[in-house]
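Novice: Below are the chains, spelled out letter by letter.
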Amino acid sequence: MPININGYNLSNASGLTFGASSTKIDSSGITDPFLPAVFGSRTDVAAGVIRTYPWVMDSTTTNVNSCWNGSVFTCPVTGVYYMSWSSIVGSGAGTYGLHGFIGLIKNGGLLYYSYRDTNNIWELQHLEVTIKCAAGDTITWAINIAPAPDSTTGAGAYGANHNASTIWLVG
Amino acid sequence: MGFDINGITLSSAAGTTLAMNSGATNWMAVNANGILSRPQTPYMWGTTSGQAAIYNAGGGNLLVIANENIGSCWNNSTGVWTCPVAGYYMVAMGNIATGALQTNSYGYIGVFKNGVLYGHNHWNFGGNWHYLSLSSIVAAAAGDTIVWQLFSYVNAGIHGAGGHGSFSIALMA
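First to last, the protein sequences are chains A and B. For the first sequence, the working numbering begins at 502 and goes up steadily by one. For the second sequence, the working numbering begins at -19 and goes up steadily by one.
Heads up, a few of these hints could be off.
[Unchecked claim] Covered by chain B, per the in silico footprint, the following chain A stretches (three or more residues, Cβ under 8 Å): (1) 504 to 511; (2) 519 to 533; (3) 573 to 584; (4) 606 to 615; (5) 630 to 639.
Keep in mind that the hints were calculated from the coordinates and are not lab data. Backbone N, C-alpha and C fix where the C-beta goes; we use that ideal spot for every residue, glycine too.
Take these sequences, add in the hints, and give me the full structure.
Specialist: Encoded structure:
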């Protein structure tokens, strides 16, 4: 028999279920099929170097709750979110001194950044962090251009695959 | 009207969401879409700052300065995370590393649980800064400790003066 809390039912249907949602707690743990999450990559630039803000991720294989609108993730609830951005980064020419910055941008402002400092043609960069966000906060990335630091060199990310990004709610 | 279980209150203001509170503190919520959130999730995020440009802590714990520290599990002075409950913790770091313009520069970054190496990564390159990252899911008991350390390094460290990296730990489940 469910517990009715102001019209909201807690019930046992092969596990503790919450209202009309499919969220459940049972012997396997918590099942949260509407966990906010996105995973995808940028595929829309045929080749070359991208210095860009916001980061476009046109191809998503996961976009639960449609939090990702193509270039920005909007947090639907307050919580701690894991964020990972990775891509080969460089100039495509191997020219020394084409350093550059990759910034994590929260609500339009720089939160933290990484730095490419090599003369390799392309080299993997991977930013990952868990960040506390409020409902409505926005997340994206900036590649060697404001609001990230801008080295004013030609370094940037590769825009035709060779990259992957993900964001999901931890708790 | 809530459902009180010896001081823990289950309530639903509009009949579409559920909140589990202890007094004024929200422990858990399930919104109308079924998204479950846990605002008290033990969590830290921080960076190194004010350290040497090439920072290795002499092989000791990396003294990350927390920007956020929910549950006060992270100790800035010792560089130690103490797990408040048993569970699986996401431990993630990324930072540029090298021996800046050294021709021979390499080292290891490790996650240690209770002083024992749990997982590690390795970098080996000369000159300039390169990006180093390491993520782990650490199974831990209440009271277990987690730290980051560099080891077996030569002419190397992470960029410790500020920016260029981040460190975070969060309880997943």
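Novice: Just to make sure I understand the rule, a stretch counts as covered if three or more of its residues have a C-beta closer than 8 Å to a C-beta of the chain. Does the stretch 573 to 584 of chain A meet that for chain B?
Specialist: holds (count 6)
Novice: Count residues of the stretch 519 to 533 of chain A with a Cβ under 8 Å from any Cβ of chain B, then say if the count reaches three.
Specialist: With 8 residues close enough to chain B, the hint holds.
Novice: Do three or more residues from the stretch 630 to 639 of chain A put their C-beta atoms closer than 8 Å to C-beta atoms of chain B?
Specialist: Since 4 is at least three, the answer is holds.
Novice: Please count how many residues of the stretch 504 to 511 of chain A have a CB within 8 Å of a CB from chain B and say whether that reaches 3.
Specialist: holds (count 6)
Novice: So is the stretch 606 to 615 of chain A in contact with chain B by the C-beta rule, three or more residues under 8 Å, or is the coverage claim wrong?
Specialist: holds (count 3)
The earlier numbered hints are all upheld by this structure, with none contradicted.
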